[in-house]
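Trainee: Based on these hints, arrange chain B on the given structure of chain A.
Chains as they are written, first to last, in our numbering: chain A, -9 to 157; chain B, -9 to 157.
Do not rely on the hints blindly, as some may be mistaken.
Remember, identical chains collapse to one label, so a pair may be satisfied in a single copy or spanning two.
[Claimed, not checked] Computed list of lysine-lysine pairs in DSSO-like fashion (alpha-carbon distance at most 30 Å, straight line):
no. : residue 1 : residue 2
1   : K48       : K24
2   : K27       : K55
3   : K69       : K28
4   : K150      : K16
5   : K150      : K48
6   : K150      : K86
7   : K24       : K154
8   : K57       : K27
9   : K154      : K69
10  : K57       : K94
11  : K150      : K69
12  : K94       : K142
13  : K16       : K142
14  : K94       : K150
15  : K94       : K16
16  : K94       : K55
17  : K154      : K142
18  : K16       : K86
19  : K86       : K48
20  : K16       : K154
21  : K150      : K84
22  : K86       : K69
23  : K94       : K27
24  : K94       : K154
25  : K142      : K69
26  : K28       : K86
27  : K48       : K69
28  : K154      : K28
These aren't lab readings, by the way, just hints derived from the structure by calculation.
If you want the building blocks of each chain, they are given just below.
Number of protein chains: 2
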Amino acid sequence: LGHRTPRDVRITTHVGLVARAFGARKIYIPGGGKNIKKSIERVVERFGGAFEVDTEMKARAVIRKHKGVCLHLTMYGEKLHSSLDEITERSEGKDKLVIVGAEKVPRYIYDLADLNISVGNQPHSEIAALAIFMDRLTNGGWVELDFPGGMKVVPHRDRKIVVKKTL
Amino acid sequence: LGHRTPRDVRITTHVGLVARAFGARKIYIPGGGKNIKKSIERVVERFGGAFEVDTEMKARAVIRKHKGVCLHLTMYGEKLHSSLDEITERSEGKDKLVIVGAEKVPRYIYDLADLNISVGNQPHSEIAALAIFMDRLTNGGWVELDFPGGMKVVPHRDRKIVVKKTL
Chain A
-9 LGHRTPRDVR ITTHVGLVAR AFGARKIYIP GGGKNIKKSI ERVVERFGGA FEVDTEMKAR
51 AVIRKHKGVC LHLTMYGEKL HSSLDEITER SEGKDKLVIV GAEKVPRYIY DLADLNISVG
111 NQPHSEIAAL AIFMDRLTNG GWVELDFPGG MKVVPHRDRK IVVKKTL
Chain B
-9 LGHRTPRDVR ITTHVGLVAR AFGARKIYIP GGGKNIKKSI ERVVERFGGA FEVDTEMKAR
51 AVIRKHKGVC LHLTMYGEKL HSSLDEITER SEGKDKLVIV GAEKVPRYIY DLADLNISVG
111 NQPHSEIAAL AIFMDRLTNG GWVELDFPGG MKVVPHRDRK IVVKKTL
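Chain A extracted, bound-state conformation:
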């Protein structure tokens, strides 16, 4: 939410890459434009998997069309770490729409969201909030995700190892 070009291009690209790396299927960037879409899609092409980028649909429409649960990450919401069980219970088995904002988030988002969740109550970063939220909600399960068709990094304690995967 609230992406502005060109100010937010790098921040929003990170939001997109985090969403993909931690298991999201798609990102909506209202008002995002072509450059941001391309820069995320370039990574998808190189590193594999399917991940969609929509920069056309407006925020309200995305929320209205969404069937499932709508989770808004904000430093003002209830604490993730102490309400993880409730969040898990209320979102399990449902399609999850996670909202993060690049700037002041309009009031209607707080009202439309099923849950307003804080990853810490100190200012930090929507990128960090999204990452920790997805890490905790999946209980680290994203680590085992597969991204077919792309380059693959093999974890190693002191070497860079990259292999080319084939489909």
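Mentor: Then chain B, alone, in the frame of chain A:
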């Protein structure tokens, strides 16, 4: 590492805010300049606590001067989620210097680091990597951190509540 002005100002500011929010005492931003220093310090002033920003010291000097353990976060390193016990064991009770890079990290960092650790092997974000690393290493303990002297956000499920704390 590798901060470039003005390209990285917002990204590096997020790195600084994440470091502070999750419990670091200080950030070194080699080549950071005055603007980035000010923009982080403004948040420290408003939201309290003590957090230092050094933009003068060079990376090699920071690492050489550091007494304790040096942890380099990179998508090529060994997996955080499966080596958390070892990382905890090797860093417990020691001052921790955590390194994240804004761009291609020079080879000497891999060699000087005590541990090269990956938070996922897909490209995502140094901001996300730092946040998840600190969250996991402290086992969520950062949530209870106190930042004396600043404004305080009170977590709430559908209201923004901010109170002014006094020392």
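Trainee: For the identical chains here, do K16 and K154 meet the 30 Å Cα criterion within one copy, between copies, both, or neither?
Mentor: within (24 Å within a copy, 39 Å between copies)
Trainee: When Cα atoms must be at most 30 Å apart, do K16 and K86 count as within-copy, between-copy, both, or neither?
Mentor: within (11 Å within a copy, 36 Å between copies)
Trainee: Is it within a copy, between copies, both, or neither that the alpha carbon of K48 lies no farther than 30 Å from that of K69?
Mentor: Close inside one copy (28 Å), not across copies (38 Å); limit 30 Å.
Trainee: At most 30 Å between CA atoms: does that hold for K28 and K86 within a copy, between copies, both, or neither?
Mentor: Within one copy, since 24 Å is at most 30 Å while 37 Å is not.
Trainee: Is it within a copy, between copies, both, or neither that the alpha carbon of K27 lies no farther than 30 Å from that of K55?
Mentor: within (21 Å within a copy, 42 Å between copies)
Trainee: How do K86 and K48 come out at 30 Å by Cα distance, when the copy is not named: within, between, both, or neither?
Mentor: Cα proximity of K86 and K48: one copy only (18 Å, versus 44 Å across).
Trainee: If the cutoff is 30 Å on CA atoms, where do K24 and K154 land: within, between, both or neither? Let me know, please.
Mentor: within (28 Å within a copy, 42 Å between copies)
Trainee: Check K150 against K48 for me: Cα-Cα at most 30 Å, and say if that holds within a copy, between copies, both or neither.
Mentor: Intra 41 Å, inter 24 Å, cutoff 30 Å: inter-copy only.
Trainee: At 30 Å max between alpha carbons, let me know whether K154 reaches K28 within a copy, between copies, both or neither.
Mentor: The answer is within: 22 Å in one copy meets 30 Å, while 43 Å across copies does not.
Trainee: First find the shortest C-alpha distance between K69 and K28 inside one copy, then the shortest across copies, and answer within, between, both or neither for a cut-off of 30 Å.
Mentor: So K69 and K28 pass the 30 Å test across copies only (29 Å; inside, 34 Å).
Trainee: Please work out whether the CA atoms of K150 and K16 approach to 30 Å or closer within one copy, between two copies, in both situations, or in neither?
Mentor: Result: close both inside a copy and across copies, 29 Å intra and 29 Å inter.
Trainee: Given a CA cutoff of 30 Å, do K150 and K69 count as a within-copy pair, a between-copy pair, both, or neither?
Mentor: The answer is between: 13 Å across copies meets 30 Å, while 37 Å in one copy does not.
When each numbered hint is compared with the structure, no violation occurs for any of them.
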